[in-house]
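Protein chains: 2
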Amino acid sequence: MNPFELLKTSASSKARLGRLTTAHGEISTPIFMPVGTAASVKGLSPRDLKEIDAKIILANTYHLYLRPGTPLIANAGGIHRFMAWDRPVLTDSGGFQVWSLKELRKIRENGVEFRSHIDGSKHFFSPQSVMQAQREIGADIIMAFDECTPYPSTVQEAKHSLKFTKRWTQEAMDYLREHPPLHGYPQYFFGIAQGGMHRDLRKEAIEQLIDLNPDAYALGGLSVGEPTDIMYEIADYSTDFLPKDRARYVMGVGTPWNLLELILKGVDMFDCVMPTRNARNGMLFTSQGVLHYKAARYAQMIEEAIDPHCDCYTCRHFSKAYLRHLFNAKEILALSLSSIHNLHFYLRLMEQAREKIENDSFESWAHEQIQVLQQKAP
Amino acid sequence: MNPFELLKTSASSKARLGRLTTAHGEISTPIFMPVGTAASVKGLSPRDLKEIDAKIILANTYHLYLRPGTPLIANAGGIHRFMAWDRPVLTDSGGFQVWSLKELRKIRENGVEFRSHIDGSKHFFSPQSVMQAQREIGADIIMAFDECTPYPSTVQEAKHSLKFTKRWTQEAMDYLREHPPLHGYPQYFFGIAQGGMHRDLRKEAIEQLIDLNPDAYALGGLSVGEPTDIMYEIADYSTDFLPKDRARYVMGVGTPWNLLELILKGVDMFDCVMPTRNARNGMLFTSQGVLHYKAARYAQMIEEAIDPHCDCYTCRHFSKAYLRHLFNAKEILALSLSSIHNLHFYLRLMEQAREKIENDSFESWAHEQIQVLQQKAP
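If you read the sequences in order, they're chains P and R. Residue 186 in my numbering sits at position 138 of the first sequence, and the numbers go up by one each step. Residue 242 in my numbering sits at position 194 of the second sequence, and the numbers go up by one each step.
FYI, nobody ran anything at the bench for these hints, they're computed from the structure. A hint or two may mislead.
One copy or two, either will do: identical chains are not told apart, so a pair holds if it fits within one copy or between any two.
[Said to hold, decoys possible] Here are the simulated lysine-lysine pairs, DSS-like style, with alpha carbons at most 30 Å apart:
{"no.": "1", "residue 1": "Lys342", "residue 2": "Lys170"}
{"no.": "2", "residue 1": "Lys378", "residue 2": "Lys150"}
{"no.": "3", "residue 1": "Lys170", "residue 2": "Lys150"}
{"no.": "4", "residue 1": "Lys378", "residue 2": "Lys170"}
If we strip away everything but chain P, and leave its shape as in the complex, we get:
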């Protein structure tokens, strides 16, 4: 089943407008998905997420498998009920997380043996077990269990990832066919194309995936240390081979300007911990550029909001001086207010992008924003 409808492709770039339809709601693309790794978007309650009008959030199978355990979430009726979030959810498969464990994992033909980062306990993820876990969690969109290609990688290493990812994707899809959803609504399955920074292998990975015919396509193994230009180039190259009528998701990217660049290259969906993680470290994205609100020059700014053009709860009510004070005083509220702002900023940027694509004015706007957003904010 294809949950995606392509509504428009820009005449001047590969930018697209689309719509994903799930049992928990419709999602206009391009879209950014706030990350709620452990069934909680750090610093925000579900009502905060509704206020910034998040349409879909992401959770992580690896983390939920370890804690609180996916059977518990199944018993609770799925992740939506468990976390009191009635809009769409996507779960990443945990492939990237177990791969990131490095010394704590061993990749085998039939899956990955790993030790928990929490307590060192031994576990094994196979394509089947990960699909079972994602059935239990019950997200609207579930991801293939892939083997991520490191950067840099030799052709040999990248081919290895491809081989495993292809086999595991096939096995995952077989499992899903035999094991229908547990919670009474469909779960769409996204395949993940690897291939490192090798063009021909990216093409091969996509062609293999197309043969398997997943519901939509993700590009994995990007934003893993490569120069940004290479990331853009690989994404640009890859989208030429992806079916136009399916959603395209670049995983784990990135800054606001990264998102605009990738929209220009035909990508529809994004997720990243950056807006919430950076917020907790005092780095905020604004319409005037990047702002480190701990800076002493903000100490006396009792009137100015973080972003004068932002209408989020934080910017409507609080000054730079107050935010800085909260941060220095280690108040929890600093983390919430800054996370609310950053996520609101990302979501409004996507909303503007959709409007601009609709109005055939995306490209010039995007190129200007890409410059402005990287500046240092006043």
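Position chain R relative to chain P; hints supplied.
Below, chain R alone, put in the same frame as chain P:
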């Protein structure tokens, strides 16, 4: 000026109904004031505070003096504008905080020399400087600068506190007469009676205060390590000497059952870090008793709210199992949701107390609640 109106005294106990009127709103008493030490109630935004219908919050002069500095708050137009809270605020004077610094402070005739707990820098608080700081902060109710009596204390030590507190209160009131409020609305001045656990000295302290005629009266130096029964007894004894037409505030107390006991003894106002601090440590107050939500027996409780009789945001939406998961996963949301619940519980308890006093049914209800609330919740 007396901001307090006594509306009713119970026929069967010393419990009272009253009303405080300030420029930022009316407050029905008995009331509990959530503590926002550094101009933020830990874990709650101003809109969270409004949702639980907090009528007044407390902030601390010592902390605000050190960080962000009271002149900054004055420049911002006072604490209400600084923290985006348009309801009443009370500031404690910092007397208790500098006294608590122990080795970091020296008490002199004209004030207290101390070192900052943040960076070790040297500072001096006099009654005048503390009143100036409280003028700058601009709370609706400001507290005397007192010298707290330790527990246990000799008569000699307690007399020393009394002498200093009397002189400093006089000096504070002189300062306030000569230095009107800075932000265009009145600030009510509460005197603080010390006296340790010595009845005659408590009486003497109150009589001295009555001579000075502050706007209302606080009992300080309680809940400093003494047995609870002694705290109740001293409060009970003291309220007999306090003017009936003035508000009575017992500082820094306590558990929900402490509050009910003290209402029975004629106390109108309370503050304590307990509901928020304990929430952050996983201890919740409920209508069925005290609940430590980290307990393993809650792990599978996917349907049950923390308190089945509570209508706070947390209990309306989330299960014990989810809260426990958030806590184990060290999610910020655990801290917010549990703080919201505990404060809501305190405020609803005060609301019920007012209704029961109004309906002449307070005493039997309070005695029952005092038992129930101390139990271990199921």
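Discussion item. One pair to classify: Lys378 and Lys170, alpha carbons no more than 30 Å apart. Within, between, both, or neither?
Written reply: Between. Shortest inter-copy distance 22 Å satisfies the 30 Å Cα cut-off; intra-copy 36 Å does not.
Fill in: Lys342 and Lys170: within-copy, between-copy, both or neither at 30 Å Cα
Result: close only across copies, 24 Å inter versus 41 Å intra.
Fill in: Homo-oligomer pair classification [Lys150, Lys378; C-alpha up to 30 Å]
between (33 Å within a copy, 24 Å between copies)
Fill in: Same-copy or cross-copy closeness of Lys170 to Lys150 [CA-CA at most 30 Å]
within (14 Å within a copy, 50 Å between copies)
Hint compliance for this structure: no hint is broken.
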